[in-house]
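The whole structure should be built from the sequences, with the hints applied where relevant.
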Amino acid sequence: MEQGFRASMNWLHTWSGVVLGGLLFAIFWMGTLSVFDREIDRWMAPMIRLPAAEKTFSLEVLRPLYEAAAAAKSPFFSVGLPTDRDAAIRVLWREPSGPVHRFIDPGTGVMLPDPGTLAGTRFIFPFHYMLHIRFQDIGLWLVGLAGMAMMVLCVSGVIIHRKIFTDFFTFRPEKKPRRLILDLHNVTGVLGLPFHFLISLSGLVIFWATYFPSSWQVTYNGDRLAFFADAYGNVIPKGRSGEPGGMASFDAMAAEARRLWDGSALRYVFVRNPGDAKSVMQIGRLDEGIVSSTYDAAYFDGPTGALISYRNGTAPVMSTQRFLSGLHFIQFHHWSLRWIYFVLGLAGCVLIATGYLFWLESRRKKHAQLGLKGVRIVEGLAVGSVTGMLIATGAFFVVNRLLPLGASAWGQDRAALEVWTFYLVWLATFAQAWARPQRAWMGQCWTVAALASAAVLLNWITTGDQLLRSLSHRHLWPIAGMDILLLAGAAFAAVAALRLSRLSRIGRVRHA
Amino acid sequence: MPDAILLLAIFAAAYLGFAALAMSQDRHWHHLGGGRHCPRRTCMVLRCSGWALLLAALVLALVRDGASFGSLLWATVITVGALSVVATLSWRVHWLRPAARLLQHLG
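Going down the list, the sequences are from chains A and B. Okay, so the first sequence: first residue is 1 according to this note's numbering, each after it adds one. Okay, so the second sequence: first residue is 1001 according to this note's numbering, each after it adds one.
Some hints could be false.
Claimed, not checked - If you want a taste of the chain A side facing chain B, the calculated C-beta under 7 angstroms gives, among others: (1) Val187; (2) Val291; (3) Ile340.
Said to hold, decoys possible - According to the in silico footprint, chain A covers these stretches of chain B (three or more CB under 8 angstroms from chain A): (4) 1021-1033; (5) 1066-1074; (6) 1083-1092.
Stated by the list, open to error - Ranges of calculated distance between the beta carbons of each label pair, as one might list FRET restraints: (7) A/His473 / B/Cys1048: 47 to 53 angstroms; (8) B/Cys1048 / A/Trp339: 29 to 35 angstroms; (9) B/Ile1005 / A/Met151: 35 to 41 angstroms; (10) A/Val155 / B/Ile1005: 37 to 43 angstroms; (11) A/Ala315 / B/Ala1012: 38 to 44 angstroms; (12) A/Arg94 / B/Val1059: 50 to 56 angstroms; (13) A/Gly246 / B/Ile1005: 53 to 59 angstroms; (14) A/Leu487 / B/Ala1012: 27 to 33 angstroms; (15) A/Arg94 / B/Ile1005: 49 to 55 angstroms; (16) B/His1037 / A/Leu370: 41 to 47 angstroms; (17) B/Ile1005 / A/Val495: 30 to 36 angstroms; (18) B/Ala1012 / A/Trp141: 42 to 48 angstroms.
No wet-lab data here; the hints were simulated from the structure. The structure displayed is predicted, hence computed values, not measured ones. Every residue, glycine too, gets a C-beta built ideally from N, C-alpha and C.
Have a look at this one:
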């Protein structure tokens, strides 16, 4: 019985790992990068490398853009206010031609030029939770499936581990590749278990209303808005009246919101139906001092500026959900935790990659003898999803520094060209891995090293912010951090490539 | 500043705690220059101090950051500490040899 159970768990672990490993690696990698999404934004959009914003600036600097949104009959006007990690104001509204994103320098009120990039917050972060597949929420569901699989893998991995306590600290770099890989897989898996389990669970909990829809659909008769009004305290939006209407003073409403929350800072401003007599202004609270992701908001009638309603604190049922969401989103102010998340996220990437490698190493010989194709197929999948993902990310950064502002080609604007580069390069890595499997790992490691170093060099050439300069200015530390991590990644990839080339030389001598 | 020192102390406690737990295992005890088996008394001492240090890390984390941030910090820092112990045992094992020698003399 015991043996049968363990064998079946082993089967489950092996095959869910092989089938979903590529997806999991992509999600873990993008999630790890998302820890520093706003820092990546600064690196990729040099115009927002601004010194920290003055604490007091007038929200009236937004008025001209608000008028533009109202004239375009945009359904909303959304403003992200500066934080410790983000010096610029972010504005979003919808023109008939499509969504418009703009940055504003809060110090001067000047609108900054279009950065022409989706960067961290709009490409890497959404990729992490929905893979940019919007159709029917398929991306969201795939990520949910992967998150669920990760928890299954964690549990089944513990069950099939024969010597979990004896091997707790065991990593023997001098052993043969297969043993070494399994050691690394075990160590990152067992020691990282609390983080990996918690991060997968909290990731699923964020989208509970999507993944477990029947509970609220039954209770609320499928009325999504009514459900969200109860769960998150949203005010059910009113429709457009069609009559034009003004907008009261932004600053007065912001001051009132701050007063309601005992002087707390503000996270965002969101206007529904700008320019309409029924416009509603929503102001969100910024609370970086707690783990929970709060959703306190105050609602004002747009034309009069009168307070409609506000929330202060979380209902008991939702507080667990908000705590788990908060520990996943890390929008709080805690740099040590942010770095630890990054390191443990990388450990998760190592865990997934070594899982693939172990599968390959333990089957390589047997498949060759039996003439099976499995190893070759999975190896291509593994190369493309591991090193290929790193190469695509590197290409995304490099092309961002190469394209001039306002560039466009084949009817695609600059931001779209960056995204195309990412996907095409990623696809090419799979093609290369399947076409030339012998040298794929080594060649792709060299490519990672080359792209990461090129990104640092291009950042220097195009912006002048080389490492010495960025380290000596506080507001450029995010740039310095990104450059240092890129260089460290390049060095790591180069060492890996050198080791692989030595191994292949030894292998060839042995075969000769 | 006290924040940075406390953070270092939390990490140090987690690292030393796991180092003690690792040393109490026969494989690592032997690797560190001890006999085939870690003597029972030494093993007990190492395990107790290992757990005590991990508990101390939790207390320090709660003192530094309060209940919610503190528990989160502890739950993640101990993984980093344990991974550092693994790296030490793999590449810098001589760092832990003096401690092992001392324990052999005492045991």
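Here's how the hints hold up against the structure:
Because the beta carbon of A/Val187 sits about 5 angstroms from the nearest beta carbon in chain B, less than 7 angstroms, this interface hint is met. With 7 angstroms as the threshold, the beta carbon of A/Val291 comes within range of chain B, its nearest partner Cβ sitting at about 4 angstroms, so the hint holds. For A/Ile340, the shortest C-beta to C-beta distance to chain B is roughly 5 angstroms, which falls under 7 angstroms, so the interface hint holds. Interface restraint, the segment 1021-1033 of chain B with chain A: holds (5 residues with C-beta to C-beta distance below 8 angstroms; minimum three).
Note: the segment 1066-1074 of chain B has 4 residues with beta-carbon separation from chain A under 8 angstroms; the three-residue rule is met and the coverage holds. Only when three residues or more bring their CB closer than 8 angstroms to a CB of chain A does the claim for the segment 1083-1092 of chain B stand; here the count is 7, and the claim holds. At roughly 49 angstroms, the beta carbons of A/His473 and B/Cys1048 sit within the given window of 47 to 53 angstroms. Distance hint check for B/Cys1048 and A/Trp339: the Cβ-Cβ separation is about 31 angstroms, which falls inside the suggested range of 29 to 35 angstroms.
Against the hinted window of 35 to 41 angstroms, the Cβ-Cβ separation of B/Ile1005 and A/Met151 comes to about 37 angstroms, which satisfies the hint. Look at A/Val155 against B/Ile1005: about 38 angstroms separates their beta carbons, and that is inside 37 to 43 angstroms. For the pair A/Ala315 and B/Ala1012, the beta carbons lie near 41 angstroms from each other, so the given range of 38 to 44 angstroms is met. In this structure the hint that A/Arg94 and B/Val1059 lie 50 to 56 angstroms apart at CB holds, the actual value being about 52 angstroms.
Distance hint for A/Gly246 and B/Ile1005: a CB-CB separation of about 55 angstroms, consistent with the stated range 53 to 59 angstroms. Under the hint 27 to 33 angstroms, the C-beta atoms of A/Leu487 and B/Ala1012, about 28 angstroms apart, fit the expected range. Range check, A/Arg94 to B/Ile1005: about 50 angstroms between beta-carbon atoms, so the 49 to 55 angstroms window is met. Hint check: B/His1037 to A/Leu370, Cβ distance near 43 angstroms, so the stated range 41 to 47 angstroms holds.
Separation of B/Ile1005 from A/Val495 is about 34 angstroms and conforms to the stated range, judged on CB atoms against 30 to 36 angstroms. A beta carbon spacing of about 44 angstroms between B/Ala1012 and A/Trp141 agrees with the range 42 to 48 angstroms that was offered as a hint.
Violated hints are absent here; each numbered hint is respected by the structure.
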